[in-house]
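A.B. asks: Below are the chains, spelled out letter by letter.
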Amino acid sequence: MSLQGCAGYAPHMAQASPRAPSSIRRVLTHVVLIIACVVVLYPVLWVLKMALTPGQAFSLDPNPLPTVISFANFWDVVSASEGGTWLFGRQLFNSIVVATITSAIGIGLSCTAAYAMSRFSFPGRESGMRLFLVTQMFPGVVMLIPLYILLDELGLLDSLMGLSLVYATTAVPFCTWNLKGYFDTIPRELEEAAIMDGASRWTVFTKVILPLARPALAVTGLFSFMTAWNEFIMAMTLLSDQRAFTLPVVLHGYIGDHGTDWGHFAAGAIIVSIPVMALFFALQKQLVEGLTAGGVKG
Amino acid sequence: MTSVGAVAWLMVAGAMAQPVEVHLWHAYRGEERTALETAIEAWDEAEVDVSVQVLALPPEGFSTKFEAAAPRGNGPDLLIAAHERVGAWSSTGLLAGFEAPPSGLHPTALEALTYNDTLYGLPLATKSLVLFYNRDLVAAPPTTTDEIAALAGDLPQGVYPMAVAATEPFFHAPWMHGFGGGVFNDTGDVALDQPQNAAALTWVKARIDDGTIPDEATGVLVTQLFNEGRAALAINGPWFLGEISDQLNFGVAPLPQVAATGKAAAPFLTVEGILLSGHARQPEPARRLAAHLVSEEVSVLRGREGRQSVATLAALEHPDIANDPILGAFRAQLDDTVPTPNVPAMSSTWEPQARALRRVLRGAQSPDDAVRAAQQEFAIVTAPPPPPANPLPYLALAGLLAIAGVTLLARRIWNARSEIAQHRTAYAYVAPAFLGMALLVVAPFAVGAGMSLFSYQHNESTFVGLANFANILLARDWPVFSPLSFYTTLAVTILWTAANVTLHVGIGVALAMLLREPWLKLRGVYRVLLILPWAIPNYITALIWKGMFQKQFGAINAILGLFGVEPVSWFSQFTTAFAANLATNTWLGFPFMMVVTLGALQAIPRDLEQAAEVDGASGWQRFRHVTLPLLMPALLPAVVLGSVWTFNMINIIYLVSGGEPDGWSEILISEAYRWAFDRNHRYGYAAAYAVLVFGVLLVYSRATDRWLTGKS
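Here the protein sequences line up with chains A and B, keeping their order. If you're matching positions, the first sequence starts at 92 in this note's numbering and goes up one per residue. If you're matching positions, the second sequence starts at 26 in this note's numbering and goes up one per residue.
It is worth saying that the hints were derived from the structure and are not from the lab. There could be a bad hint or two in this list.
Stated by the list, open to error - Straight-line alpha carbon distances no greater than 25 angstroms define the calculated SDA-like cross-link-like pairs of lysine to any residue that follow:
{"id": "1", "chain 1": "A", "residue 1": "K376", "chain 2": "B", "residue 2": "W544"}
{"id": "2", "chain 1": "A", "residue 1": "K376", "chain 2": "B", "residue 2": "P543"}
{"id": "3", "chain 1": "A", "residue 1": "K140", "chain 2": "B", "residue 2": "L587"}
{"id": "4", "chain 1": "B", "residue 1": "K576", "chain 2": "B", "residue 2": "G287"}
{"id": "5", "chain 1": "B", "residue 1": "K546", "chain 2": "A", "residue 2": "I126"}
{"id": "6", "chain 1": "B", "residue 1": "K576", "chain 2": "A", "residue 2": "K376"}
{"id": "7", "chain 1": "B", "residue 1": "K230", "chain 2": "B", "residue 2": "N141"}
{"id": "8", "chain 1": "A", "residue 1": "K140", "chain 2": "B", "residue 2": "G254"}
{"id": "9", "chain 1": "A", "residue 1": "K140", "chain 2": "B", "residue 2": "G287"}
{"id": "10", "chain 1": "B", "residue 1": "K546", "chain 2": "A", "residue 2": "C128"}
{"id": "11", "chain 1": "A", "residue 1": "K298", "chain 2": "B", "residue 2": "Y452"}
{"id": "12", "chain 1": "B", "residue 1": "K230", "chain 2": "B", "residue 2": "S391"}
{"id": "13", "chain 1": "A", "residue 1": "K140", "chain 2": "A", "residue 2": "C128"}
{"id": "14", "chain 1": "A", "residue 1": "K140", "chain 2": "B", "residue 2": "W264"}
{"id": "15", "chain 1": "B", "residue 1": "K288", "chain 2": "B", "residue 2": "A408"}
{"id": "16", "chain 1": "A", "residue 1": "K376", "chain 2": "B", "residue 2": "G549"}
{"id": "17", "chain 1": "B", "residue 1": "K576", "chain 2": "B", "residue 2": "P364"}
{"id": "18", "chain 1": "B", "residue 1": "K230", "chain 2": "B", "residue 2": "T168"}
{"id": "19", "chain 1": "B", "residue 1": "K230", "chain 2": "B", "residue 2": "V431"}
{"id": "20", "chain 1": "A", "residue 1": "K298", "chain 2": "B", "residue 2": "A453"}
{"id": "21", "chain 1": "A", "residue 1": "K298", "chain 2": "B", "residue 2": "R449"}
{"id": "22", "chain 1": "A", "residue 1": "K298", "chain 2": "A", "residue 2": "F323"}
{"id": "23", "chain 1": "B", "residue 1": "K230", "chain 2": "B", "residue 2": "G287"}
I would like the entire structure built from these sequences, with the hints used as guidance.
C.D. replies: Below is the structure:
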């Protein structure tokens, strides 16, 4: 496709500032975004309200602003400890470890696979791509027990590594597909030039392609992280030690068979979402600075 | 060595050996947990040669974890669970009996924990519904149902006489029993269609119509109304104590009599027992620990500190317990309860009961027809398993297919051998991901899918060939046009997937297009705010959405009311229930598509769009003919995978509409879950559903193949 070459050949043009929009368009854009934010924030404020209101009741009151402010629920959640171990700190650490390893393995496995699928035309490529997609279609309901037995046989039960591996393999299909889609838009001429200069495939991949694919890497990184961060049932089934639990297991511990500690759950939900927001904030720059922002130096 | 020497040697070895570990799993929280763990710690310190390892788990997934872990030798020695589990667990060998239980335990509680004449646990606590009353609104608790109905006249405007989650069969049970009905008949068979059951339904429907009980009340609404003084009475269990506001002046009393029959409104009784695992490694110290936990001393502690209604007779006489007004009310209720039957069939009755109850309460069916329909539904979900099939033809066929497949693959590889050799690098790049997936995703699914050829019923697994598939596809269980048939559910699932993906992608792409404009101030702030729905655990936000759709008190109807719209009963029609699910899932799902689009947009050079703008193309034309085609390669995988995920998105259906009305808003995967968990653990049937879901998605992926691979 000839258009794809343009980005590579005219990076300076891509940086040219777009024409200033009319003020009506500016205002309209803000109005739309503010409406979207209000719709998004309304239920979120409710979570915050339940977290800040003392007690464990669920609020149905249409007013999402708290009338009393107390940090007791946050304190209860954060201060959980057992036998001298600061349990919450330990579990937060576990969650971060699992999500980080998942992202590392997920991106590691999928970026190489996606590169091969984007750049080489080898026998079995199409079936392989399809197989990745097909694995997403397996309903989890029948997989839990066989997976438990398998991990037990592999000695991976009760280990954060085992859990991360399971998460990574569930994140790989999307990551591979997404990266492959992005790699396809990166002009081949760049690599060919580097190879002509004597660079190896691996060097081209790590020094040319990956830096250009930062937006897609940011998307897949966030996705893999989220796959691990909020997952509950696998973590609950595969781990059997309070000190090894990840935060979703702790959070679900506030849900009873009948009653739920809504105050604690809401406070925990807010705490759990903060690292995700922080990560997204940190990734934003990568996400919006791709080819158009002058990533192409070749 | 003399015998004396041997004994001395054994004693030394015993003293030096590591203490044996007893593992105990429970799902308690709050004060119940504290009291239990205090008692265990004290015992642990006294018993030098035993070390107790306690694991607190969330109730959700507790049984699945136990069922997976115990047979593999990874389970606990002791676990605390409701007596309803005893029937199913003991018949698969997951539990071991208590031959000589300590004396002085409440006979009703012991009986509940007994199955086939064997006692499988020691009773820790009994739990049942009771009557909570607001002392500022009613002086004394009503003793008959007529007194409840009569309250209406004395209460201030806007105060309901009684708040109860009337649509839940567990909360309806007191009336069912009070009218003389029940789930089982005198001969021990399930009989949901007893005329007394219809009479109870008639009574509750009338109380909702006359405003005694609020309409569409969930547990959450009951708490809210009672806490705000807008309900004089509430029917709830001991867990409610933790939710009642500190400022409320309330009392607890046994449930009233049903005036029409003079019988007590008897709630179901749940006995929480400490059960001994059939795979326990240390059964002897485990039994001792169990006996200790039901001793008088520990039971008084659990009652006083843990606020548990204990089942140890001596503890019930102890002044700390006997003089406690709240524990006293639970104790008084104990004599008028019906222990939930612990036979496995009981677990399959909840779903038909719930459907019947909801049909009557929303006025869709008469009580007589509803109970008859419930009995029919029960018969369907507990239908006898298909006859065993001869596995030989299947094995032969599978063998032939395997040989054919391997030969075909080998020939392909052989024909392409030179090409394969050329692309060694490519294979090296793909291999790690491929192997990981094959091992951890494909293998477990293949094993799980194999279960679809078996029937697991009454804990026996028999090979039935393709009979499960035949039953589902030939609509032998539910008629084709009924809400739970495979075909109706498939149609709803397709509609659900298409609507969701369209909205997710539409909103996600639109917002991403706005958010990339460099001149936009605050775009960093907007971006972070707009991914919030993805970041917050959806369990709580989904339930907030469900709350917003509540008929009388929900925010959505309040907003619609501003425009003069009558309150909508969202979950009583398919279209509105579907819309509620869709709104929730769209709110949760668009941020992902927005993030993917933001990333994909970076690959598109802006100068192309600017060139188009110079040529006079309108905004829409630029998007349609320049941006979108360039966006597609990176966006399509997200669209295809997004639709696959949405197809199997059970959480939202389960949390928001719960399949209401009458199963119409269920999707295929929720049927698989129901067969696995709500309908007597028929895993074979559930696996067949899962395989069919997979098959449907496979067809879908074939159809999308051309978009996906054709472009590259």
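A.B. asks: Do the alpha carbons of K140/A and G287/B lie within 25 angstroms of each other, as the hint requires?
C.D. replies: violated, 45 angstroms
A.B. asks: Check the hint pairing K376/A with G549/B against an upper bound of 25 angstroms on the C-alpha distance.
C.D. replies: holds, 9 angstroms
A.B. asks: For a C-alpha distance cap of 25 angstroms, please report whether K546/B and C128/A respect it.
C.D. replies: Holds, at about 15 angstroms.
A.B. asks: Take the C-alpha atoms of K376/A and W544/B, compute the straight-line distance between them, and say whether it is at most 25 angstroms.
C.D. replies: holds, 16 angstroms
A.B. asks: Can the restraint linking K140/A and C128/A be considered satisfied, given a maximum Cα separation of 25 angstroms?
C.D. replies: Satisfied, since the Cα-Cα distance of roughly 17 angstroms is no more than 25 angstroms.
A.B. asks: Going straight from one Cα to the other, do K298/A and Y452/B come out at no more than 25 angstroms?
C.D. replies: With a Cα-Cα distance of about 21 angstroms, the restraint between K298/A and Y452/B holds, given a limit of 25 angstroms.
A.B. asks: Are the Cα atoms of K298/A and R449/B separated by 25 angstroms or less?
C.D. replies: holds, 21 angstroms
A.B. asks: Check the hint pairing K298/A with F323/A against an upper bound of 25 angstroms on the C-alpha distance.
C.D. replies: At roughly 37 angstroms apart (the allowed maximum being 25 angstroms), F323/A and K298/A break the hint.
A.B. asks: Hey, K376/A versus P543/B, does the alpha-carbon distance stay inside 25 angstroms?
C.D. replies: holds, 13 angstroms
A.B. asks: Given the proposed pairing of K140/A with W264/B, does the C-alpha separation stay at or below 25 angstroms?
C.D. replies: Roughly 22 angstroms between the alpha carbons, so the hint for K140/A and W264/B holds.
A.B. asks: Straight-line Cα separation of K230/B and S391/B no greater than 25 angstroms?
C.D. replies: With Cα atoms ~10 angstroms apart, K230/B and S391/B stay inside 25 angstroms; holds.
A.B. asks: Holds or violated: are the alpha carbons of K230/B and G287/B at most 25 angstroms from each other?
C.D. replies: Judged against 25 angstroms, a Cα distance of about 20 angstroms means the pair holds.
Going down the numbered hints, you'll see the structure goes against 4, 6, 7, 9, 15, 17, 19, 22, while the others check out.
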